[in-house]
Amino acid sequence: TLNLRFPALVSTACGQAVSYAGESYPTVQIGTQCWFAKNLNVGTMVTSVSSVDSQRNNGGIEKYCYNNDSANCITYGGLYQWAEAVQYQNGASNTNSPNPAITGNARGICPMGWHIPSDQEFCTLSKFIDATTNCTAFGTSSSTAGGALKSTSGLWTSPNTGATNSSGFSAQPGGFRNSSGPFYNLGLNTSIWSSSEYSSTNAVYRNLDYNNLPIYHYNLGKNRGFSARCIQD
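This note's numbering runs 107 ahead of the 1-based position in the sequence shown.
Hints may be right or wrong, so weigh each one.
To be verified - Calculated pairs, SDA-like style, for lysine to any residue (alpha carbon to alpha carbon, straight line, at most 25 Å):
{"hint": "1", "residue 1": "K234", "residue 2": "F245"}
{"hint": "2", "residue 1": "K234", "residue 2": "Q140"}
{"hint": "3", "residue 1": "K234", "residue 2": "A178"}
{"hint": "4", "residue 1": "K234", "residue 2": "D160"}
{"hint": "5", "residue 1": "K234", "residue 2": "Y325"}
{"hint": "6", "residue 1": "K234", "residue 2": "A270"}
{"hint": "7", "residue 1": "K234", "residue 2": "T268"}
{"hint": "8", "residue 1": "K234", "residue 2": "G246"}
{"hint": "9", "residue 1": "K234", "residue 2": "T251"}
{"hint": "10", "residue 1": "K234", "residue 2": "S258"}
{"hint": "11", "residue 1": "K234", "residue 2": "A244"}
{"hint": "12", "residue 1": "K234", "residue 2": "E130"}
{"hint": "13", "residue 1": "K234", "residue 2": "G138"}
{"hint": "14", "residue 1": "K234", "residue 2": "Q136"}
{"hint": "15", "residue 1": "K234", "residue 2": "T259"}
{"hint": "16", "residue 1": "K234", "residue 2": "G122"}
{"hint": "17", "residue 1": "K234", "residue 2": "P133"}
These are computed hints drawn from the structure, not numbers from a lab.
Produce the entire structure from the sequences given, and follow the hints as far as they go.
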């Protein structure tokens, strides 16, 4: 099992690649923020067949790979339950809230100098692209900005509506692992965790779809497996 606290090379300027756990992550400046430009792929693969196949608080990092195929982690990144993504900070779990609540950066599974983005940091990203973004309501957050975030690399199922990747965020359609164990929607959508809770069992995330332009702002059960990105401290 991978030790979370090993030294990592951290870029000193946005735009430089970050070397972490044997992977190279391009970075991109979007407004005032610096983001990883691909999904995290870190940890030891856990096979998921049913709801009991949860990731564990065992001092290392664990990931799901779509359809239990490690090649999908290489292409699309790993899938993580929420508590794993934030690395159980302040006692966080998929059924209980951190105590005290996470108020600062949640490094989680990111390298040193980087962290899992908060709901507010996702809001800042969306507003830079679309000033009319609604950051409070759940549902459609921005009706147009999703295209600026979606990769044009060919991984998305056609028509990949409105995709320009003008932001450089290069969102990849990694699908998700359902709470009951199976995997769904590879090539069709991406769901990316924030570090922000909605309730003791739900956390906030952003979703992009292959046939829609919006950025969607949702909350769902922490025991689902979603993608993860890092933002610079």
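Okay, the hints, checked on the actual structure:
1. K234 / F245: This hinted pair holds, its Cα atoms lying about 15 Å apart.
2. K234 / Q140: OK: K234 and Q140 at ~12 Å, within 25 Å.
3. K234 / A178: violated, 34 Å
4. K234 / D160: violated, 37 Å
5. K234 / Y325: holds, 17 Å
6. K234 / A270: At roughly 18 Å apart (the allowed maximum being 25 Å), A270 and K234 satisfy the hint.
7. K234 / T268: Holds, because 20 Å separates the two Cα atoms, which is no more than 25 Å.
8. K234 / G246: With a Cα-Cα distance of about 16 Å, the restraint between K234 and G246 holds, given a limit of 25 Å.
9. K234 / T251: Between K234 and T251 the Cα gap is close to 11 Å, so the pair holds against 25 Å.
10. K234 / S258: holds, 19 Å
11. K234 / A244: Holds, at about 14 Å.
12. K234 / E130: violated, 30 Å
13. K234 / G138: holds, 10 Å
14. K234 / Q136: Holds. K234 to Q136 sits at ~14 Å (cutoff 25 Å).
15. K234 / T259: holds, 21 Å
16. K234 / G122: holds, 21 Å
17. K234 / P133: holds, 22 Å
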